[in-house]
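> Given the coordinates of chain A, work out where chain B should sit on it, guided by the hints.
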Amino acid sequence: MTQRDAIEWIAKIFETSPDQLTSDTPREAIAAWDSLGVLTLMASLDSDFGIVLTDDDVQGIKTVGDILHVMQRNGKLT
Amino acid sequence: MRFILVDRIHELDPGKQIVASKTLPAHEELFRDHFPGFPIVPGVLLTEMMAQAAGRCLDADGTHPGRAMLGKINGANFREWVRPDQEIRLHAKITQNRPTYATADCFAEVEGKKVCSAELFFVFAPHDRFAPDHRDPVLEAYWTTHPSQAR
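Listed in order, the protein sequences are those of chains A and B.
Per my numbering, the very first residue in the first sequence carries number 1; after that it's consecutive.
Per my numbering, the very first residue in the second sequence carries number 79; after that it's consecutive.
Here chain B stands alone, though its shape is the one from the complex:
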């Protein structure tokens, strides 16, 4: 399993808010263990999905000295089971956007029903820590269809 936990960006206002989605297919191996006979998407992955969506919103802003990395999870709540093959809509609103840190109010919903929420805190890791040829395929795909927003 790759660790790209956002399939697609639907709406993006760089540095401010994002709506994205992810679907974990039933054939993913993790569902053999989480849980046997009762496959549900782990809460830690839901949190990571929200973090990856919010992180892309911050990275798309292009004003930080590095790439957004999850630094702290505040008050995460999980309200509903999420099944394999269900599309998970990821919403993040950036509430603080400073050069060295950022915060985001996030939630995920399935079929219009909120399944989890969290307040996430981000720090920024210098760009030179990452592979120089790395490109984010999810952001690139979004910018291909929204060229006016491309950096």
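In isolation and in its complexed conformation, chain A is listed as follows:
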């Protein structure tokens, strides 16, 4: 998956437009990135990519780029 595809995937999770997202977009700038959004992200990474986040992973994810980094670390980004 390319970074552009990944951003589109993230936008779908948070029910927003991919045009609104860059690597630097912080959690606070995305309305649906609330506590339910975090759980939705965890479930989607798990079901779509087999990535199971640890508590430390979750604490460390503060921007879209952090999500991309997790995906890259798990070999899901080209």
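Bear in mind the hints are in silico, worked out from the structure with no lab data behind them.
All C-beta atoms, glycine included, are put in the ideal place defined by N, C-alpha and C.
One or more of the hints may lead you astray.
As the list claims (entries may be wrong) - Okay, the calculated beta carbon distance ranges per label pair: (1) Pro-225/B with Gly-50/A: 33 to 39 Å; (2) Gly-190/B with Pro-18/A: 56 to 62 Å; (3) Asp-48/A with Pro-204/B: 25 to 31 Å; (4) Gly-60/A with Ala-209/B: 21 to 27 Å.
Using the frame of chain A, we list chain B on its own:
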């Protein structure tokens, strides 16, 4: 009307899958409005029935830090009208079962015909939020007849 939207559990594999049923009798007051002269079970109640069945499947598992609560409804579909007094069979298969969240593929059928389906997302509310003496009568009834599965 009580908000217990599962009458009976027929099959239960805790944390994995469940088959349950619910019948809404014609005398329920909601049918006066939904709809006048054309009483049908509201889709929101069908969704809640599936959620309550799936939630009981998760609660029966006993491995979560709280009680399963519906967090999100993904892609619900309603295919057929459901009339009062029809038995609604509720099927839920847990597709993800993690400590902090769970997902379930659910469907309901009447007389063997699928009437609706939904993918449901659950979160868990801490047990101490609820009345300490609360017991789930539907799960208790199931465990009475299936004592080997009782927690």
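> Confirm or reject each hint.
We went through each hint and held it up to the structure:
no.	hint	in the structure
1	Pro-225/B with Gly-50/A: 33 to 39 Å	holds, 38 Å
2	Gly-190/B with Pro-18/A: 56 to 62 Å	violated, 43 Å
3	Asp-48/A with Pro-204/B: 25 to 31 Å	holds, 29 Å
4	Gly-60/A with Ala-209/B: 21 to 27 Å	violated, 38 Å
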